[in-house]
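A.B. asks: The lines below spell out each chain.
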Amino acid sequence: MEALLGGFAVVMTPANLMYCFIGAFLGTVVGILPGLGPLTTIAILLPITYKMDVTSAIIMLSGIYYGVAYGGTVTSVLMRIPGEASSVVTCLDGYEMARKGRAGSALFIAGVGSFIAGTAGTLAITFLSPPLSRLVLAFGPSEYAMMMLAGLAMVTYMSGGSLPRALLMAAFGLLLGTVGADPMSMTPRLTFGILTLGDGVNLVPLAIGLFGLSEVLFMATRSEDELKIIAPPKGLAGFLPTAEEAKRSIAPIGRGTVLGFLVGLLPGGGAVIASFLSYAVERRLSRHPEEFGKGAVEGLAGPEAANNAGTAGAFVPLLCMGIPANAITALLLGAFMIHGVTPGPTILERQPEVFWGVVASMYIGNIMLLVLNLPLIGLFVRILDIPRVFLTPMILVVCLVGVYSNSGNADDVVVAVVFGFLGFFLRRHGFDLGIVILAYVLGPIFERSVRQALSISDGDPAIFLHSPLSIGFAVAAAVILGAGLWPRRVAAPRG
Amino acid sequence: MSGSDDAATPPAQPLTGSRVAAAGLLLLAGLGLWQSMGLERWGIEGPGPGLFPVMVALVFALLALVVLIWPGRAAATEEGDTDVIDAETRQRTRAGFAIYSLSLLVLAVGAAWVGFTLTSIAVSVLIVRFAEGRSWFAAIAYGLGCAAVGLVGFGWLLRVDLPASFIEHAFFSLVR
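Keeping their order, the protein sequence lines are chains X and B.
Using the numbering used here, you'd call the opening residue of the first sequence number 1436 and step up by one each time.
Using the numbering used here, you'd call the opening residue of the second sequence number 819 and step up by one each time.
Don't take every hint at face value.
Claimed, not checked - What follows is a list of derived Cβ distance ranges for each label pair:
1) B/991 x X/1562: 53 to 59 Å
2) B/917 x X/1810: 38 to 44 Å
3) X/1802 x B/962: 37 to 43 Å
4) X/1620 x B/912: 47 to 53 Å
To be verified - Only some residues are given here: those of chain B computed to face chain X with a beta carbon under 10 Å:
5) 837
6) 847
7) 858
8) 864
9) 879
10) 892
11) 914
12) 917
13) 918
14) 938
15) 952
16) 963
17) 971
18) 972
19) 981
20) 988
These aren't lab readings, by the way, just hints derived from the structure by calculation.
C-beta: ideal position from N, C-alpha, C; glycine also.
Just chain X, same shape as in the assembly (with noise of 0.2 Å):
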């Protein structure tokens, strides 16, 4: 508790609290415009971090993390589009509720349940991370090898494309790791003779190639067409939901949180999943099933809790075991290592004013969040009206200051721009862009554990299975790739 009120000391300074708002502000501005992610921000500002202190540029980009999942929900109640993934479900029942005239009473369900979610996952980082962190300090080389394989092994399965495609984009981001000097030995490796990646290929240029400049020729293929946007209400009056429609949100906001939470702490799961369980749950518990899809409070209750808690639920392997649980966390992790910091068990010992900044500071986050959301929704709507001649390129200016700032070489613009076409590329044929960012980050990590247990061996792969908990994480990785491979049946959403 200490060290939590620690935490709030940090936040409360009028720069962190400053950066909390943009961030949080800038998650939301993200989150309603459909086709420009978080994750795509979060590359795009990365950069511009580096001249902050580390506390708070976590801060800022967490901050745009979880309020991406806020902003999605008023274009998915008002507009039928979800800003981002985690708000495709909210569509259902969000817009049929607005289309009745209650799209005051879904954005203040949303908003209600979103901040009662956020609030309990921040709550239960704060309360898991210091006992997880400690059991993870007791993992050797080995164990920590099978765990980034068996968490590996579960990004793929969730990414729900055929396997063999998920596992070739792990192993590409893998391979774009060991490009460059080789961290023990300084041996340039797959360089192929190229200066510019002596120094490896940058996580900057890569993830805005990938999925900043990727994103823009995506843009130039779609048409603009008129959006039909169903009026938020006026006063906050407005806003308020009937008794019974409180009610019948309270138990769905419950349950939300704690399955978005625990599909959180998955590799692989996060946000996107946990909504979609959620909905399925609701549905299942419901006594009005017919009424899903039709707008029924609690198909929007439920997933739109889920997917915050399940926002904060990644954090915790994140901050505890160093591993990241998507690839926006992926590009949190190289955030916090560009900045000097090491995710994992030890951080709490040797940057609690980190830890706990971070952590305390998503409380308050989740608060300007709401404060923000629900009177400002008529403003943020209008976002929606700045057309594509003007987005992009102010999109492409803001890439090649991220880009170029990283590292001051125009080469690492050329990376960047390559990446772009290659990422446009493979999108555009369905394999998914996001796995290659988060094996990219864990190879160095996964390489060194694997290095360092054949050494400890004497190159005996045995030692991968020597402990119980490596024959887990093992058995764990077979089952979640052997259950991939299974033929799966698509299911299409009904209603």
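Got chain X sorted already, so can you dock chain B onto it with the hints?
C.D. replies: Okay, now just chain B, sitting in the frame of chain X:
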């Protein structure tokens, strides 16, 4: 574009594209394997710098081969769809897409040779005037606006490094 054309094109297109992508990745895996085979895999102190890249490149090549033979189901992207572009949209936006692609190349070349301001203006003019068909005035004004935001916001206030030419040097010598 007729409805039958639309119906006929999409199923075949992504499958072919997936195979082309897999073939390209197989080539990359081969290059990676070739480079990493020359590195020491085991030394006096244990695993060498080549061990992990060889293992990964082998798995990468094998998986690329599997996807080349059996492309499988496409993944959902962050937007929640498979980003498959229909034939009609592709036809309508082909010219625009080419200009957007060109603007990316201008970004890469401009960063190295002409600095931030001129690159920003060139990219904006390409997109606003040529890809989106707005007036020259709108294109140049917006380009100047983007450059000003970058110079003042990022370069001056946030002190971020920008690709420099005589324009940036002159501006920063005045304000910094």
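A.B. asks: With reference to the structure, classify each hint as holding or not holding.
C.D. replies: To see whether the hints hold, each was checked on the structure:
A hinted range of 53 to 59 Å holds for the C-beta pair residue 991 of chain B and residue 1562 of chain X, which are about 54 Å apart. Restraint check, residue 917 of chain B to residue 1810 of chain X: a C-beta distance of roughly 41 Å satisfies the suggested window 38 to 44 Å. Range check, residue 1802 of chain X to residue 962 of chain B: Cβ separation about 40 Å, and the 37 to 43 Å hint holds. Between residue 1620 of chain X and residue 912 of chain B the beta carbon distance is about 49 Å. The supplied range of 47 to 53 Å therefore holds.
Given the 10 Å rule on beta carbons, the hint for residue 837 of chain B holds: about 9 Å separates it from the nearest Cβ of chain X. Evaluation of the residue 847 of chain B hint against chain X yields a held restraint, the C-beta minimum of about 7 Å falling below 10 Å. Nearest Cβ of chain X to the Cβ of residue 858 of chain B: about 8 Å, under the 10 Å cut. The hint holds. With a least beta-carbon distance of about 4 Å to chain X, the hint placing residue 864 of chain B at the interface is held under the 10 Å criterion.
The closest approach between the C-beta of residue 879 of chain B and any C-beta of chain X is roughly 9 Å, which is under the 10 Å cut-off, so the hint is satisfied. Below 10 Å, beta-carbon pairs count as interface contacts, and residue 892 of chain B has one with chain X at about 2 Å; its hint therefore holds. Interface hint status for residue 914 of chain B: upheld, as the beta-carbon distance to the closest one in chain X is roughly 5 Å, under 10 Å. The closest approach between the C-beta of residue 917 of chain B and any C-beta of chain X is roughly 8 Å, which is under the 10 Å cut-off, so the hint is satisfied.
The restraint placing residue 918 of chain B at the interface with chain X holds, with a minimum CB-CB distance near 4 Å, inside the 10 Å limit. Against a cut-off of 10 Å between C-beta atoms, the interface hint on residue 938 of chain B holds, since the closest Cβ of chain X lies about 5 Å away. With 10 Å as the threshold, the beta carbon of residue 952 of chain B comes within range of chain X, its nearest partner Cβ sitting at about 6 Å, so the hint holds. The restraint placing residue 963 of chain B at the interface with chain X holds, with a minimum CB-CB distance near 9 Å, inside the 10 Å limit.
The beta carbon of residue 971 of chain B comes within 9 Å of a beta carbon in chain X, closer than 10 Å, and the hint placing it at the interface holds. Interface hint status for residue 972 of chain B: upheld, as the beta-carbon distance to the closest one in chain X is roughly 5 Å, under 10 Å. A least Cβ separation of about 5 Å between residue 981 of chain B and chain X falls short of the 10 Å threshold, and the interface hint therefore holds. With a least beta-carbon distance of about 19 Å to chain X, the hint placing residue 988 of chain B at the interface is violated under the 10 Å criterion.
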